[in-house]
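S.K.: For the record, the sequence lines run as chains A, B and C. Take the first sequence: its position 4, counting from 1, is numbered 723 in this note's numbering, and each next residue is one higher. Take the second sequence: its position 208, counting from 1, is numbered 1473 in this note's numbering, and each next residue is one higher. Take the third sequence: its position 242, counting from 1, is numbered 280 in this note's numbering, and each next residue is one higher.
None of these hints come from the bench; they were simulated from the model. Predicted model only: the values in this text are computed from it and were never measured. There may be inaccurate statements among the hints.
[As the list claims (entries may be wrong)] When the alpha-carbon atoms are kept at most 20 Å apart in a straight line, the in silico EDC-like pairs for lysine to aspartate or glutamate are as follows:
{"hint": "1", "chain 1": "B", "residue 1": "K1458", "chain 2": "B", "residue 2": "E1480"}
{"hint": "2", "chain 1": "A", "residue 1": "K845", "chain 2": "C", "residue 2": "D135"}
{"hint": "3", "chain 1": "C", "residue 1": "K114", "chain 2": "C", "residue 2": "E127"}
{"hint": "4", "chain 1": "C", "residue 1": "K243", "chain 2": "C", "residue 2": "E264"}
{"hint": "5", "chain 1": "A", "residue 1": "K845", "chain 2": "C", "residue 2": "E283"}
{"hint": "6", "chain 1": "C", "residue 1": "K152", "chain 2": "A", "residue 2": "E936"}
{"hint": "7", "chain 1": "B", "residue 1": "K1458", "chain 2": "B", "residue 2": "D1473"}
{"hint": "8", "chain 1": "C", "residue 1": "K78", "chain 2": "C", "residue 2": "D362"}
{"hint": "9", "chain 1": "A", "residue 1": "K847", "chain 2": "B", "residue 2": "D1562"}
{"hint": "10", "chain 1": "A", "residue 1": "K847", "chain 2": "C", "residue 2": "E127"}
{"hint": "11", "chain 1": "A", "residue 1": "K845", "chain 2": "B", "residue 2": "D1558"}
{"hint": "12", "chain 1": "C", "residue 1": "K78", "chain 2": "C", "residue 2": "D324"}
{"hint": "13", "chain 1": "C", "residue 1": "K78", "chain 2": "C", "residue 2": "E283"}
{"hint": "14", "chain 1": "C", "residue 1": "K114", "chain 2": "C", "residue 2": "D142"}
{"hint": "15", "chain 1": "C", "residue 1": "K152", "chain 2": "A", "residue 2": "E1002"}
{"hint": "16", "chain 1": "A", "residue 1": "K847", "chain 2": "C", "residue 2": "E246"}
{"hint": "17", "chain 1": "A", "residue 1": "K845", "chain 2": "B", "residue 2": "D1562"}
{"hint": "18", "chain 1": "A", "residue 1": "K847", "chain 2": "B", "residue 2": "D1558"}
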Amino acid sequence: MLRFILRRFASAVVVLFTISVMVYLIFFATPGVDPAARIAGRSASPAIVEQVRIAFGLNRPLPIRYLLMMDHLFIKRDLTSYVNIGDKVVPQILAAAPVTLSLVAGAVVIWLIVGIFGGVIAAANKGKFIDPLIMFLGIAAVSVPAYWLGEVVNLITQNQLHSTVFPWLPAPGWVPLTQNPGEWALHLLFPWLTLAALYAGIYARVLRAELVNALNEDYVRTARAKGLSERRILLRHALRCSLISITSLFGLDVGALVGGAALLTEVVFGLPGVGLLTYNALENLDLPVIMGTVMYGAFFIVLASAVVDVVYALLDPRVRIV
Amino acid sequence: MLAFGVIVFIVTACLLAPVYAHVIAHENPFASNITGTIRLNGKTVNVLQANTQGLGFGVTPIGPTWHFSNYFLGADNQGRDVFARLLYGGRSSLYIGASSAVICVAVAAIAGVAAGYFGGAVDWIVSRIFDIIWAFPVYLLAISLSVILETNGINFLFIHIEQGSLTIPILIIASVFIPYVGRPLRGIVLSLKEREFIQAAIGSGASDLHILRKEILPNVAPTIIVFFPLMVAFNMLTESALSFLGIGVQAPQASWGTIINDGLGLLYTRPVVGIMPGLMIVLTAGALNVLGDGFRDAFDPKAKLRGSI
Amino acid sequence: MSDATLDEPVLSVRDLSVTFATRQGPLRAVDGLSFDVGAKEVLGIVGESGSGKSVAMYSMLGLVRDSNVAITGSVKFEGCEILGLSDRELQSVRGGDVGMVFQDPMTAMTPVYKVGWQIVEQLRAHTDMTKAQARSRAIELLGEVGIPDPKTRVDHFPHEFSGGMRQRVVIAMALSCNPKLLIADEPTTALDVTTQAQILDLMSKLQESYGSSIVIITHDMGVIAEVADRVVVMYAGRPAEIGPELDVVRLPRHPYTWGLLGAVPRVDVKNRRLVTIPGTPVSPLDVPTGCAFGPRCQYKMAICDERPILRGADGHVDACWLSDEQRLAIRSQATVRGVADE
């Protein structure tokens, strides 16, 4: 098992390196696009563009430029924004990280519980009314744009029903966990629910399909022939095996979540996380910031996938040999 | 089947929008109309009305008039007709969603099948490309590419694409999802290769092209067909997210995502502008998903003959 | 070899029919099957694929989960009717009184749990052993079925065993609660010939020491000859011939059984081509109203358009309209041509 973990993290490092190269190439080596002009921003004078060119070593060979950029980003950590002159990128990202983490962690917990619950109930009651109902909710959840749902939620809770049903809900914003856990949770409540709603639907659908398949497998037939109760068969045998494929789905989703849906949710609910940082940078085409956030975002995701793979191996003993 | 009907209706309505545009809106839906007026119930009314509530500052666009040819759903903050913009925006969203899905599925199918069937070097190269694209978290990759390419267009060798052209989001969204479709297809071809009927065909001396056409393709086709509506839905959602962020469809063009963005500022005063495009997306994507599910059920090869034992 | 005992039969099946409602019409997988299994007896059920042999046994224990199935008839286990009982009511019978061994050892066990855990699960579902007691019993069982080093291997996962070893584990699990009846569905089909012999040996030994009855389902007459005391030959969901093994193998009555036995390779008769039964197994959707074997039978007569009833003497019956004289004539001709006959 230990060897497996080590190997998995080693390959994560390789992937991280690849991503860093890709990011660099995209932002600084896309043919037909002048990177110095980009970094300097939309309305920079030629003098500033030239300054940027030298500062970033853009007149040096490609590998050197790459190394320089990595240096600025990770080692010296003094990459600065050219739009808000002087603002250092990396500290901003690090300050924003706990917000994103709180949002993602809370939503994950909620959606896993709801999704698994929904999937199990739908599979156990296959064909009865509740099964298609849950599936319908699942499809609805997949078709909704995350940011739009957040807007609608905001509209209802902050504006239209605010005085009647939701007077206890604070205005959108962020309160650190260490400052006031109660407020922290309250501010995150609807962001969590919005984010979880999307994914719970998907997971319930996938789990239901997996469970229905598992219930047709030979080992379920053996378990039944052993005289076990249907409930035990469903939960201890079928569900346990279905969770394995859910785990690999989760691994794929982590990427879309942090970079996409979470980003949009932060924007909509005004949470100062890495996503909001990226969004603001996008508005101004503040290239250094965008590059920084994309890199850090990607790193987090690759790490999370590695962790998920390890969990997968914990769940499925057949994989450990490899 | 209901899903199919919904899609057809929406698609036709949007595609034909320019044809009946003059019926829906008297004004150009893309031009600002801040000082415009319309006739409502016999009275002449400003499209953007002064605020009477609150502090009395600013203007609020008029709400839905429910008159078919006259600002049916009201105006947005530039005085433009929301309903007309929804229809035109729908064209863009659908166009982007569908074309990127076509490109994505086509490229993924060719690459995935080739990799699975020919193996060896071809497989290695294709799989590595898939890995590289997929290693980069999907949305972040789309954002990065869009940021770089959107604002200046592409000017590379013989490829000249204007800034603001819809082709750019189409290509970006298509490329980002290629591994998503390509990997499962490759997997299917790999397991097909092990099956006896393929071995038999190879053994009897059939040419590669023949095997691909007659044996592999019919078995891969159902999966491709199931993937297609799902990818259209997926791509539409991605496009709307990118447009919402400002790096998808660019002004003066509109898509449902950009309209939602427009509606942000008006959310509390004129929610219609923000809510309607979202609803359209939900309906269209939902119908596409149901369609995809329907295809999947129809292609289920499991014989219904014997029960499960 | 055991004659019918005076005690109640362990399993008593009367007129079992299993019909599936399908889009192409009703599918009669099992049609009027009746037999008894006595204490300590080994009953072999033999037939081609699709003859309904597996479905019959599964349907008795409620293991057929299709909602489109109709099961009629009577199945008594130790005198008590078990057909039509609910899942909950059947839970004590399954695994406790009746153990099952399935065909494919590769997929029979849950891949994520250790084999010891799975045996313990069954033990604790039917007895009130503690975890420690159940675990030592599991180790004991693994030893009895011939798994080397059971103390270590009890903590291994199913994929860490080879095919033959895995089947032994499954047998150990099936016997764990000392069942009165063991049902084995093609237990050796997925294994190579040497392992096959070992497993059959093991089953005979265990049957002696545990005293259980066994129903063994197979398509291989060789297996029947090796372990069975009595035989049920099935064709198209219907019983073709039932009787003591030696009688059926030495003096088969039904033309289908002749074909089956003709298909067994024999060491002592030289230069003999394997006899194949002409035609293909009948589809369960198209079973003729008359004798099911009629379309493939070379001795078909006009009366065969009426479904034959099981008749015979001395516990050896078959479903065929041929008279005893006719059969004698056919068999003496066959001897000349070298078809199986002692």
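S.K.: Each hint needs a verdict: does it hold in this structure or not?
M.R.: Hint check:
Of the pairs offered as hints, the one joining B:K1458 and B:E1480 holds, with about 10 Å between alpha carbons and a cut-off of 20 Å not exceeded. For the hint pairing A:K845 with C:D135, the CA-to-CA distance comes to about 30 Å; that exceeds 20 Å, so the pair is violated. Straight-line distance between C-alpha atoms of C:K114 and C:E127 comes to about 14 Å, which keeps the hinted pair within the 20 Å bound. The suggested pairing of C:K243 with C:E264 holds, with an alpha-carbon distance near 13 Å, which does not exceed 20 Å.
Restraint check: the Cα-Cα separation between A:K845 and C:E283 comes to about 45 Å, which exceeds 20 Å; the hinted pair is violated. About 18 Å separates the Cα atoms of C:K152 and A:E936, which keeps this hinted pair within 20 Å; it holds. Pair hint B:K1458 plus B:D1473 holds up; C-alpha atoms about 12 Å apart against a cutoff of 20 Å. Restraint check: the Cα-Cα separation between C:K78 and C:D362 comes to about 32 Å, which exceeds 20 Å; the hinted pair is violated.
Of the pairs offered as hints, the one joining A:K847 and B:D1562 holds, with about 18 Å between alpha carbons and a cut-off of 20 Å not exceeded. For the given pair, A:K847 sits about 23 Å from C:E127 by alpha-carbon distance, which is inconsistent with the 20 Å threshold. Simply put, A:K845 and B:D1558 have alpha-carbon atoms about 17 Å apart, close enough for the 20 Å limit, and the pair holds. Proximity of C:K78 to C:D324 is assessed by CA-CA distance (about 38 Å); at most 20 Å being required, the pair is judged violated.
The straight-line distance between the Cα atoms of C:K78 and C:E283 is roughly 15 Å, inside the 20 Å bound, and the hint therefore holds. This hinted pair does not check out: C:K114 and C:D142 have alpha carbons roughly 28 Å apart, beyond 20 Å. Note on C:K152 and A:E1002: the hinted pairing is violated, with a Cα-Cα distance of about 56 Å set against a maximum of 20 Å. Note on A:K847 and C:E246: the hinted pairing is violated, with a Cα-Cα distance of about 48 Å set against a maximum of 20 Å.
Only pairs whose Cα atoms come within 20 Å are accepted, and A:K845 paired with B:D1562 is accepted, the gap being roughly 16 Å. With a C-alpha separation of about 19 Å, the suggested pair A:K847 and B:D1558 falls inside the 20 Å cut-off, and the hint holds.
When each numbered hint is compared with the structure, violations occur for hints 2, 5, 8, 10, 12, 14, 15, 16.
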